[in-house]
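*Asks:* The residues making up each chain are set out below.
2 protein chains.
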Amino acid sequence: MGTFCGFDPRNLLICCILLFLSSSTAQLSFAAKTRHFKWAVEYMFWAPDCQEHVVMGINGQFPGPTIRAKAGDTIAIELTNKLHTEGVVIHWHGIRQLGTPWADGTASISQCAINPGETFLYRFKVDKAGTYFYHGHLGMQRSAGLYGSLIVDVAEGEKEPFHYDGEFNLLLSDWWHESVHEQEVGLSSNPFRWIGEPQSLLINGRGQYNCSLAAQFSNGTTEQCKLRGNEQCAPQILHVLPNKTYRIRIASTTALASLNLAVANHKMVVVEADGNYVQPFEVEDMDIYSGESYSVLLTTNQDPSKNYWVSVGVRGRKPQTPQGLTILNYRPTSASKLPLTPPPVTPRWDDYNHSKSFSNKILALMGSPKPPRSFDRRIFLLNTQNRISGFTKWAINNVSLVLPATPYLGSIKFGLKGAFDQNSPPENFPGDYDVMKPALNPNSTHGNGVYLLGLNTTVDIILQNANALAADVSEIHPWHLHGHDFWVLGYGEGKFSEKDEKKLNLKNPPLRNTAVIFPFGWTALRFVADNPGAWAFHCHIEPHLHMGMGVVFAEGVHRVGRIPNEALACGLTGKRFLKPTKN
Amino acid sequence: MGTFCGFDPRNLLICCILLFLSSSTAQLSFAAKTRHFKWAVEYMFWAPDCQEHVVMGINGQFPGPTIRAKAGDTIAIELTNKLHTEGVVIHWHGIRQLGTPWADGTASISQCAINPGETFLYRFKVDKAGTYFYHGHLGMQRSAGLYGSLIVDVAEGEKEPFHYDGEFNLLLSDWWHESVHEQEVGLSSNPFRWIGEPQSLLINGRGQYNCSLAAQFSNGTTEQCKLRGNEQCAPQILHVLPNKTYRIRIASTTALASLNLAVANHKMVVVEADGNYVQPFEVEDMDIYSGESYSVLLTTNQDPSKNYWVSVGVRGRKPQTPQGLTILNYRPTSASKLPLTPPPVTPRWDDYNHSKSFSNKILALMGSPKPPRSFDRRIFLLNTQNRISGFTKWAINNVSLVLPATPYLGSIKFGLKGAFDQNSPPENFPGDYDVMKPALNPNSTHGNGVYLLGLNTTVDIILQNANALAADVSEIHPWHLHGHDFWVLGYGEGKFSEKDEKKLNLKNPPLRNTAVIFPFGWTALRFVADNPGAWAFHCHIEPHLHMGMGVVFAEGVHRVGRIPNEALACGLTGKRFLKPTKN
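Residue numbers (UniProt numbering), protein chains in the order written: chain A, 1 to 583; chain B, 1 to 583.
Please note: incorrect hints may appear among the correct ones.
Each pair may be met inside one copy or between any two copies, as identical chains are not told apart.
As the list claims (entries may be wrong) - With a Cα cut of at most 27 Å, we get these calculated DSS-like pairs of lysine-lysine:
hint	residue 1	residue 2
1	K82	K417
2	K575	K38
3	K370	K70
4	K575	K125
5	K356	K503
6	K417	K226
7	K417	K582
Since the hints were made in silico from the structure, they are not lab data.
All chains should be modelled from the sequences, with the hints used to inform the complete structure.
*Replies:* This is the structure in structure tokens:
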């Protein structure tokens with residue numbers, strides 16, 4: 001069209017008519033555009049933090065390509081597995097998969113893993129504007145680098161409830177030099193081998209391991225980076241103009257690290273969390289747990305002759321990883337001009353009051369959907385670290401999740417009772433359990449039962465943290481729910497009790513898909529089980545999930561439409577339903 | 001039974017009757033015993049050469065458990081995949097799988113890979129006594145350590161055509177410190193990254209990387225091993241009595257290395273090759289290529305107050321790997337008494353005359369099955385190293401094999417034409433191709449077509465070696481055929497031509513399943529396509545197969561019985577034939 005119209009002025013009238021017609025069509029298609037992608041997943045050599053290792057990339061890129069769509073669009077990704085021996089799936093984190101539960105990309109839950117050489121079509125609607133991301137959801141393939149951003153803009157003609165002049169997108173992750181395969185073996189070994197702290201923090205897949213951008217402030221303990229800017233590990237600079245407002249989208253797909261982000265000399269106004277608008281509030285720094293996403297607004301109101309650090313540091317675990325850094329560059333100041341002051345100091349790792357203060361500020365924007373006033377079912381989920389036959393595990397109500405070979409979506413829909421434990425997992429934990437001390441008996445059991453939820457019922461989840469195996473240790477766990485957003489009704493200390501009931505916020509709790517439980521604390525969530533399918537709910541720390549820290553919910557599976565055969569061709573569904581015939 | 005009869009003397013008469021009856025039953029079951037095994041494949045930390053890495057083990061063992069059976073027995077192995085993200089299959093190398101082609105354990109050819117968490121039943125008959133082994137056949141999982149021995153004794157009442165007093169079993173392999181995952185990425189990368197020479201040679205999974213058993217002879221370049229004997233890398237000593245004859249079974253499952261084995265001061269009489277008896281001949285050392293197996297007889301006729309080296313060294317490639325060593329220990333001499341002379345010197349790596357002389361001595365034992373006098377079809381297979389879009393590959397008649405997502409056995413049986421290239425690959429290569437020089441055009445193409453063979457026809461294969469990409473380089477390739485033994489009609493130099501026809505040995509060629517082509521040479525094979533199924537025929541060097549060096553034969557697939565559903569639940573067979581119904 002463009003070429004034709006630009007080519008010959010004699011066709012001008014026809015052109016105008018055609019353009020008019022096509023723009024009308026375009027108007028129509030704006031409302032429901034299907035965006036097609038062909039992706040191939042494969043391993044490749046890459047140097048995310050300047051040291052070369054194997055990463056899992058998509059179409060030769062790490063992180064994978066950013067998907068950009070408008071609310072209401074349909075995304076259609078033909079994903080080809082080019083790995084040699086491994087299956088693969090991709091989960092679209094934050095997308096609720098309304099009506100397409102088979103496209104949620106969770107191995108053993110929503111689909112069979114895509115075999116080497118095979119292609120699976122992920123086709124789903126992005127119904128809600130927001131900052132999302134995608135990542136592998138089989139074994140620890142997310143840790144291997146299988147992730148990328150998914151940005152949904154408001155639908156054509158719609159407006160965001162805030163103004164901005166430009167936009168940046170920061171996908172945060174952590175990176176180990178030990179291969180994920182080896183990490184997995186260590187976690188599954190007796191004696192247990194922990195993966196340790198990450199070697200580097202990555203901003204959009206870029207970090208610096210053997211040097212620092214801010215070495216001049218580090219008393220000579222690290223070398224100043226000598227980067228030309230075209231290296232795989234060179235930081236992406238945020239180029240800004242003075243006196244503008246920028247939206248910075250931030251998402252964390254870390255395997256382990258809880259993070260804190262700050263921009264030197266600049267305040268940020270938080271406006272979005274997990275694809276939901278929040279009541280704007282200003283912060284100097286912000287905590288981001290794995291699985292969370294935010295949008296913040298930053299106004300470039302500082303001295304434009306300088307540049308400013310953007311820093312990301314570890315929280316919640318004693319950090320052994322240098323800050324991830326990049327630079328906010330005021331144009332036309334040269335981007336190579338380093339800031340004259342050190343990067344922002346990340347709050348102390350165990351300053352949980354700082355974290356809680358931030359979390360408690362997150363409230364729904366006025367006019368957001370409100371939670372039902374009451375719940376139909378309340379499930380208490382105790383998070384404990386355990387041992388099973390000498391192996392170290394995490395368990396929920398004393399059950400450590402081991403995913404079955406047959407995905408739940410198919411086995412529930414077709415009533416294959418042998419596919420998983422038919423007993424519902426416990427609704428609660430013993431009333432006398434002391435969450436402040438190591439368990440009297442740390443032994444646990446494996447399980448793969450499902451919490452079957454009544455369709456359209458309101459479910460409360462009280463996530464209850466506890467002491468881990470060692471005394472005086474309780475860790476942060478960011479819990480992520482598939483297929484739904486939940487309202488975060490509140491956070492509290494110690495064991496949740498009746499007196500906490502009245503502290504729950506039913507007025508303006510934020511809608512989110514990920515919420516943290518603080519050490520020795522509880523978090524109360526509410527959601528409506530209105531999305532037929534089988535859905536993971538799990539700690540988003542990759543090794544914790546690998547060690548059993550998750551549960552599975554399912555609701556209205558009889559209402560689920562036709563599951564693609566490829567999603568069923570494994571386990572019992574593959575074995576029982578195959579009826580080979582000659583062509 | 002035993003407990004009952006040993007428990008109460010009052011039951012003696014009943015016991016005797018029962019024992020008589022059960023021994024009659026036993027007699028019957030001797031003829032066709034089914035041996036059941038439950039195996040789990042998983043990664044584990046192991047130190048095959050004293051340095052710890054991740055290996056693929058079975059039931060916590062590396063190498064996997066040795067299977068011992070009698071000819072005519074049925075082996076039934078329930079193989080559970082306990083890997084987290086990878087599929088797995090096991091090939092029973094040398095077992096022809098008569099009537100059970102779905103149990104051949106070749107991913108993409110005989111079955112779908114077994115998914116994580118799933119169990120596949122390998123059930124097949126071992127019809128012929130001999131020295132066999134098993135190994136992974138997906139990606140490069142053999143290199144990762146997925147292998148073990150499979151020894152079939154003669155049927156009850158039958159006798160071997162030679163006498164021996166005792167027996168040893170040596171499974172030889174090579175070992176890299178770089179993970180197989182990383183090796184695979186390097187081989188599939190552009191620029192190409194070769195895996196290099198192995199760090200160690202292993203005898204029954206044991207080698208020494210950071211020390212040598214024979215360091216006292218090495219001028220101080222390596223340290224003397226300080227092993228107590230219980231280490232994972234401690235050599236298995238061959239304890240013998242003087243003046244006895246021992247059968248040593250030797251099989252090579254190396255990923256790359258061609259080997260030469262020698263026992264200091266002792267001669268060996270070769271009596272079996274690849275599960276077939278050969279005309280006995282005496283040697284001082286023997287070459288063993290990957291995929292081959294032998295039995296040799298060794299008489300302990302040397303000074304019994306000394307011990308003797310058993311050495312394994314690299315041939316056919318410039319060695320950068322120390323010899324693999326163990327000790328032949330004459331009892332009652334202490335096993336810790338080291339030999340006083342250095343280990344046997346491995347023949348020079350490029351002394352191909354030595355290799356050819358050995359290969360030419362291998363002839364069928366009198367009375368062995370003879371080949372048909374003529375062939376129905378003769379396929380020439382030119383082995384070349386190539387480039388495809390900058391990637392380094394191996395190709396056969398200019399086609400580099402890329403295995404399809406749908407296993408051939410199912411796609412051929414059910415006529416799924418879209419599953420693989422329906423054109424037959426070339427029967428020959430251009431007549432003017434100069435095998436002595438680098439190709440004028442080294443570009444090649446990918447392909448996955450099949451050589452469809454007439455059932456029960458006699459097929460000749462002329463394996464034709466050629467110059468690799470670099471001038472004056474031609475490599476050794478040991479070719480292994482699945483589902484059949486072939487007769488090795490002869491080896492020759494340069495390009496096979498009509499004048500070579502009369503050199504072919506139709507009188508007493510050995511039956512084998514693996515045969516080597518020497519640099520710049522040819523090898524002529526003949527077999528009868530009498531086993532309905534789809535069968536790999538490939539270079540047994542793991543990275544060469546990974547780079548495309550193989551072809552697929554199929555015959556009489558319409559005669560193949562019911563393929564287990566699990567073997568079909570992937571690719572097009574999984575997608576098209578799944579008819580889910582409610583239970």
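*Asks:* Tell me the hint numbers this structure goes against, listed in increasing order.
*Replies:* 6
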